[in-house]
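Student: Under my numbering, the residues of the sequence shown are numbered 129 to 396, in order.
Be aware that one or more of the hints could be misleading.
Unchecked claim - In silico EDC-like pairs for lysine to aspartate or glutamate, Cα to Cα no more than 20 Å straight-line:
1. 306 / 161
2. 362 / 374
3. 263 / 161
4. 153 / 270
5. 262 / 151
6. 383 / 146
7. 262 / 304
8. 138 / 341
9. 263 / 304
10. 156 / 255
11. 306 / 279
12. 259 / 161
13. 339 / 329
14. 240 / 256
15. 225 / 196
16. 225 / 256
17. 164 / 245
If you're looking for bench data, these hints aren't it; they were derived computationally from the structure.
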Amino acid sequence: MSYRGMTMIKTIFFDLDDTLLWDKKSVKQAFIETCKIAEKKHQINPSQLEEAVRNEARRLYATYPTYEFTQMIGINPFEGLWGNFLDDHEQFKQMSKIVPSYRRDAWTNGLKNVGIDDPEFGQQLAEEFPKQRKKNPFVFKDTFHVLKSLEGSYQLVMLTNGSPDLQNTKLSITPELKTYFDHIVISGDFGRGKPAPSIFEYAAKLSQTDKTEIMMVGDNLNTDILGSNRAGIKNVWINHEGLKTDTIQPTYEIKYLHELLPLLEKIN
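Just need the whole structure built from these sequences, with the hints factored in.
Tutor: Structure (structure tokens):
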């Protein structure tokens, strides 16, 4: 690949979940710890319960009047299993009222699907899961090395989908992360989520950088890469799982975050 004649990158937009924070691992660990309690009490297979609860969570989540809003802002069903959504917006207030019964029903129905009818215990597990998620804030092992290496040479902007309350909770349990960023843009504050071009344009304006001098770094093709493509911003797709894509084309593709450093050296 030729880099000659490319504009220098001055600002880097970073996605948060599964780019810097290893959210999938945190959620997985919370399920493991919570399902262990069910295994101990009812001698059920924890993996089967996890799958049943995940399926119920997805199914229930799509039935609520807030579903369309969560899709636009970028909040997934598993965030609903532990987030409180204490945000000053009508839809978030509605979500805040929905989540207690959503959690209870996801766990109670999940238990039923593996042969245990115990609503009281379903409630107990629903309350345990958020505690376990907060106890397990995983960060990719190269996250801080990369941010430290870029600090001072680039303006760093976090551009994340989600509820401000929940995203700030994630940052509060990994407090050193936000110290590297000049700006943090959360879709729930802005009013639209990635892949809407408007949130990328807003972040570009905030950073006072020309779009040709910005690079978006993220793991999600359908939000980070599609959105930055639409906004005319170059991007780097972190393809953790070696997926193939025919429809959405990233500018660059890497497998691990630390590969960003030599890539930027070549470009600049």
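Student: Starting from residue 138, check that the Cα of residue 341 is at most 20 Å away, please.
Tutor: Holds, at roughly 5 Å.
Student: Decide if the proposed pair is consistent with the structure: residue 225 and residue 196, CA atoms, cutoff 20 Å inclusive.
Tutor: The hint holds at about 16 Å.
Student: Taking 20 Å as the top limit, are the C-alpha atoms of residue 153 and residue 270 close enough?
Tutor: holds, 15 Å
Student: With the threshold set at 20 Å, check whether the alpha-carbon distance from residue 383 to residue 146 stays at or below it.
Tutor: Holds: residue 383 and residue 146 sit about 12 Å apart, inside 20 Å.
Student: Residue 259 and residue 161 were given as a pair; does the straight-line alpha-carbon distance stay at or below 20 Å?
Tutor: Holds: residue 259 and residue 161 sit about 10 Å apart, inside 20 Å.
Student: Does residue 304 sit within 20 Å of residue 262, going by the straight-line distance between their CA atoms?
Tutor: Between residue 262 and residue 304 the Cα gap is close to 16 Å, so the pair holds against 20 Å.
Student: Is the Cα-Cα distance between residue 306 and residue 161 20 Å or less?
Tutor: violated, 28 Å
Student: Measure nothing beyond the straight line between the CA atoms of residue 164 and residue 245; if it is 20 Å or shorter, mark the hint as holding.
Tutor: It holds: about 17 Å lies between the C-alpha atoms, which stays within 20 Å.
Student: Are residue 263 and residue 304 close enough, with their CA atoms no more than 20 Å apart?
Tutor: holds, 16 Å
Student: Keeping to a limit of 20 Å between CA atoms, is the pair of residue 339 and residue 329 held or broken?
Tutor: Holds. Residue 339 to residue 329 sits at ~8 Å (cutoff 20 Å).
Student: Would you mind confirming whether the straight-line C-alpha gap from residue 306 to residue 279 stays at or under 20 Å?
Tutor: Since the Cα atoms of residue 306 and residue 279 sit roughly 12 Å apart, the hinted pair holds (cutoff 20 Å).
Student: Need the status of pair residue 240, residue 256: alpha-carbon distance at most 20 Å?
Tutor: holds, 18 Å
The earlier numbered hint that this structure contradicts is number 1, and it is the only one.
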